[in-house]
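Visitor: The residues making up each chain are set out below.
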Amino acid sequence: MEFAEHIKTANVEDVVLRQPLQPPSRGTLCITGHHLLFSDREESDSRQVLLLLRNIDAIEKRMSGSSGTITMKCKDLRVLQLDIPGMEQCLNIAHSIETLSCLDCVSAMYPFFYRPVDLSLPEQWGLSSPEMHYSQMKELYEKWRLSTVNRDYSVCPSYPPAVIVPKSIDDDTLKKAAKFRQGGRFPVLCYYHKKNGMVIMRSSQPLLGANRKRCKEDELLLQAVIEGSDKGYIIDTRSMQQAQQARMTGGGFESKSFYDRWKRFHRQMERGKALQESLIKLVEACGDESNNMDRWLSKLENSKWLSHVQNALSTAGLLVECVERDGHSVLVHGSEGTDCSLLISTLAQLIMDPCCRTMEGFLGLLEREWIQARHPFQQRCAHSAYSHARLQQESPVFLLLLDCVWQLWRQFPLALGFSEALLLRLATEVYASDYGTFLCNSDQERCALEVKERTHCLFRALLRPTERDYYSNPLYERTELAIWPSVHPQSLQLWKGYFLRWTQQVRHLEEAQEEIRNMVIEWGKLARS
Amino acid sequence: MEHIRLPKVENVKLLDRISHRRRRVGTLYLTATHTIFVESEAGVRNETWVLHSLVCSVDKLAATPSGCPLLIHCKNFQVLHFIISKEQECHDIHLSLQRLSQPESYDELYCFSYKPNVDEKERRQEWDFLDLKADYSRMGLPSSLWKLSPVNQHYKVSDTYPADLFVPESATPPVIVGSSKFRSRGRFPALSYYSPLASSQAAICRSSQPLSGFSARCLEDEQMLEAILRSNPCSDFMYVVDTRPKLNAIANRAAGKGYENEDNYSNIKFQFVGIENIHVMRNSQQKMLEVCELRSPSMSDFLEGLESSGWLKHIKAVLDAGIFIAKVSLEANPHCLPHRCPQYWFRCGFVCVLYLLCVCVKPTSSIFVLIEKDWVSFGHKFSHRCKHVVGDPKEVSPIIDQLLECVWQLMEQFPCAFEFNERFLITIHNHFYSCQFGNFIGNNQRERIELRVHERTHSLWSYLWANRTDYTNPLYRPNHSQTQGLLRASTSPYSFKFWKGLYNRFDHGMHPRQSVEDYLRAIQEETQQLEEQLSSHTQVGQGYADLPQA
Chain A
29 MEFAEHIKTA
39 NVEDVVLRQP
49 LQPPSRGTLC
59 ITGHHLLFSD
69 REESDSRQVL
79 LLLRNIDAIE
89 KRMSGSSGTI
99 TMKCKDLRVL
109 QLDIPGMEQC
119 LNIAHSIETL
129 SCLDCVSAMY
139 PFFYRPVDLS
149 LPEQWGLSSP
159 EMHYSQMKEL
169 YEKWRLSTVN
179 RDYSVCPSYP
189 PAVIVPKSID
199 DDTLKKAAKF
209 RQGGRFPVLC
219 YYHKKNGMVI
229 MRSSQPLLGA
239 NRKRCKEDEL
249 LLQAVIEGSD
259 KGYIIDTRSM
269 QQAQQARMTG
279 GGFESKSFYD
289 RWKRFHRQME
299 RGKALQESLI
309 KLVEACGDES
319 NNMDRWLSKL
329 ENSKWLSHVQ
339 NALSTAGLLV
349 ECVERDGHSV
359 LVHGSEGTDC
369 SLLISTLAQL
379 IMDPCCRTME
389 GFLGLLEREW
399 IQARHPFQQR
409 CAHSAYSHAR
419 LQQESPVFLL
429 LLDCVWQLWR
439 QFPLALGFSE
449 ALLLRLATEV
459 YASDYGTFLC
469 NSDQERCALE
479 VKERTHCLFR
489 ALLRPTERDY
499 YSNPLYERTE
509 LAIWPSVHPQ
519 SLQLWKGYFL
529 RWTQQVRHLE
539 EAQEEIRNMV
549 IEWGKLARS
Chain B
2 MEHIRLPKVE
12 NVKLLDRISH
22 RRRRVGTLYL
32 TATHTIFVES
42 EAGVRNETWV
52 LHSLVCSVDK
62 LAATPSGCPL
72 LIHCKNFQVL
82 HFIISKEQEC
92 HDIHLSLQRL
102 SQPESYDELY
112 CFSYKPNVDE
122 KERRQEWDFL
132 DLKADYSRMG
142 LPSSLWKLSP
152 VNQHYKVSDT
162 YPADLFVPES
172 ATPPVIVGSS
182 KFRSRGRFPA
192 LSYYSPLASS
202 QAAICRSSQP
212 LSGFSARCLE
222 DEQMLEAILR
232 SNPCSDFMYV
242 VDTRPKLNAI
252 ANRAAGKGYE
262 NEDNYSNIKF
272 QFVGIENIHV
282 MRNSQQKMLE
292 VCELRSPSMS
302 DFLEGLESSG
312 WLKHIKAVLD
322 AGIFIAKVSL
332 EANPHCLPHR
342 CPQYWFRCGF
352 VCVLYLLCVC
362 VKPTSSIFVL
372 IEKDWVSFGH
382 KFSHRCKHVV
392 GDPKEVSPII
402 DQLLECVWQL
412 MEQFPCAFEF
422 NERFLITIHN
432 HFYSCQFGNF
442 IGNNQRERIE
452 LRVHERTHSL
462 WSYLWANRTD
472 YTNPLYRPNH
482 SQTQGLLRAS
492 TSPYSFKFWK
502 GLYNRFDHGM
512 HPRQSVEDYL
522 RAIQEETQQL
532 EEQLSSHTQV
542 GQGYADLPQA
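So the protein sequences, as listed, match chains A and B.
Numbers in the numbering used here are just positions in the first sequence, counted from 1, shifted up by 28.
Numbers in the numbering used here are just positions in the second sequence, counted from 1, shifted up by 1.
Hints are computed from structural coordinates only; laboratory data are not their basis.
Please note: incorrect hints may appear among the correct ones.
Said to hold, decoys possible - Covered by chain A, per the in silico footprint, the following chain B stretches (three or more residues, Cβ under 8 Å): (1) 73-83; (2) 299-307; (3) 313-325; (4) 407-420; (5) 476-483; (6) 523-532.
Note that beta-carbon positions come from the ideal geometry of N, C-alpha and C, so glycine has one too.
Let the sequences and hints guide you as you build the complete structure.
Guide: Okay, here's the thing in structure tokens:
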């Protein structure tokens, strides 16, 4: 891949940069294959801005006379403006940004080139693997086993090579069950609740089709999950009607007659395009300073984003209720089982399991549920709220997760080991990153491109001591109890730290967090002395 | 006691507001001052006490097979849903409570029977806790430009103003009296706040609207404003801020009241900052509370309801006004700012207080002074607005709620800027309505003197001060950048939040389950102790060092 062909003008002098919360500055602009670099001329207090081109979601150019203005709207919701002298230079720069910010070729992306001096490429990529996870969970050994039926990704291209399944089910049964599930995503264990031995399973929809096919092996597999218990619950993240309609296209749901010990709940959760449009509307509303109160509230309502937050948290609450209060195992799926299912199983684990609430635990949870169990990041996060490109597979499910976690943190400010800053960092990295963690759509693709060998892992970087200090919650106190969120509309709030992060107001809130951190440090110092 | 038809009912159910499936069974008692519900479950003695003066409305709903529902709405936004098995009992309780919650005279108010265990000397000291004169002298008053005027002694000029008022040095009694005749309820322009800084001698004055009609003018009033302008040598003009929407002001002009004719006053800039009248505010809050009470609203129901209530729009208008005044007085060259509202009692108070919060008042004791001066002494009609005694329902309005909410909105934007916390605001809110303390009894100073409030009741301020550790914001830093100078608050619509801490105060399930503040307060105390220990150690150490070497 030759980047040079896209860069006709690499350097421009006398450019004015305008960015939020800072006075405009004049300096030199430089475009490289992956970055936009701006450094101002002030000798005393020189400032640089280094922006990943991948972070740029949309640009607008406006020409007036012999100069032009480029407005860059970033995926982290920042809006920057460059005033560039010389029409040709301006057009060249705009063209380079447009092309380089949305290259499709994964192996040409920056994580493959990012080589910080203080970091060598890791021997182990990621925090854990399914094998390690299983080996640490001794309580699983009795009834569950690690199956490598998917070692060459042939049974399910989107699963990792090893998955946890009931001990009594052999690999042949798994292969047959996989054929009955969309994309081969047969039911696998994603969480074991130590308090009562109940589990959360996750899968894609069963392929009943219009003539209501059944699959003995799939039934057997699910039967084995609730061995020794009177029943299990299925949480389908689609409405009853949607699930029925899915039969017309070959999908469907577990019918009462063949899965008689499973009780099904339907909870419609928005996904795909609807979610992306919701984000676009919300960001638009937040960016329009001219709104009066009525318009703002009406746009906020109209975006439906907070409704999605409410819905996700209440569905996760239902899942926790089944496992923790009611004491039964649960299978979660929607259609593909790669979006909403991950969202609610992640939230449920965070609510129930104190181990998932430490910083390490949370990142491990994200790795298991979103990286290994495969959320198609490449497709979902190709563009954010500003892009004019036609929507394809974009959908901010991961961002919705982070928002829900933020709501949990608001309601239980001492229960999570990490801070809002970590959530903001993840929200930025998922769209444009120096690290390879969110590249590709599946484990298989990552192996094919040698992501694990040739890029750095974000999660490991975040756990280095300096970063860990910065992202940890100074008030953290472990609690063994489930942290049940309130989902009343009054209890949920707009995540200002993200959606309004480039406003002055958020600075005041950050100052308060800073103050809290200082107080705790002060106290810690004295307590030790 | 003669109003209590039935002092005790057994087997009463109290429903949870959010989920009616959860209910508690117990006994309901009526006393002269409280309604008390005692849960009868074995082992726990759970009591709910509701002061009669906090009861806003009592409604008996149609009987159901399980009993007769009685719904009590309180002024502090508590809602109690009882089910009483016998209809006759419910009827008796209903009638008793209706009477008990609507005192017909001041003497029935709780503050006159509230007798905590405090001796008379201490009680009198409570009332000495605040000294408004000291506050004026802190502002550098009286000065060569502003003097204390005896004109309203015995409340002869304006019976709703306090006796002690500051006016421009050059304003003579005939001018003041003349000006007062031109203004609603005689509320002539008087000084509310004076910046003691030499660099900014801005003053804020307040008055009621002029009775100018379409053509009338009043020379004395024009001279009065001229005198105010002269009392600020730094500035050659001043703003007159009219807190009404311009349309309302024009409509009032047709009714013989109105706003100053600009042609008759020199060097004045007019600014209208549309704050709606008390009736609009009352209806808006009513709608907003209905939204709060929805049992399981969807997010859309809630946001749509909040929008159509218009409540946050009004809060924004009030805050906008406060910030406007703060900005012009500090940023542009200092001006004098009389501002004025249609009747005498409410919007000026708002704007003064908010202005001051933005500019200088962040420690707890200063907000006492602020409320005492701008609301109590300048004559906010508490007993009408808060319905302390039975009266015209159209006079009730949540002005005080709005004031406290604006402060809360500022606190949410600037978490390190205020010494007091949300609990403090909620406690004050409660006592504006509870009539437990004498501070907010009556509509003005004259009435309070007639009622001998200072001799017969207790003062809220010293109570709050005594318990101030509960009300302190652990993040407050007197030297923090957020505390310095003008609070540059944002009034973009997205900066405003719904205040569930107040309006859903009793719905415990909605509030955060862990409190950062309590945690910080605990470590703050521990830090202090450790520091003291440490310093005593070092002193001991130094003591040894000082010993002459042997």
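Visitor: Against each hint, give a clear statement of whether it holds in the structure.
Guide: Outcome of the hint check:
Counting residues of the segment 73-83 of chain B whose C-beta sits closer than 8 Å to any C-beta of chain A gives 0, which falls short of three, so the coverage hint is violated. Counting residues of the segment 299-307 of chain B whose beta carbon lies closer than 8 Å to any beta carbon of chain A gives 8, which meets the minimum of three for the stated coverage. Counting residues of the segment 313-325 of chain B whose beta-carbon sits less than 8 Å from any beta-carbon of chain A gives 3, enough to reach three: the coverage restraint holds. Counting residues of the segment 407-420 of chain B whose C-beta sits closer than 8 Å to any C-beta of chain A gives 4, which meets the bar of three, so the coverage hint holds.
As drawn, the segment 476-483 of chain B meets chain A at 5 residues by the rule of a beta-carbon pair under 8 Å; at three or more, the given contact holds. Restraint check on the segment 523-532 of chain B versus chain A: 6 residues with Cβ-Cβ distances below 8 Å, three needed, restraint holds.
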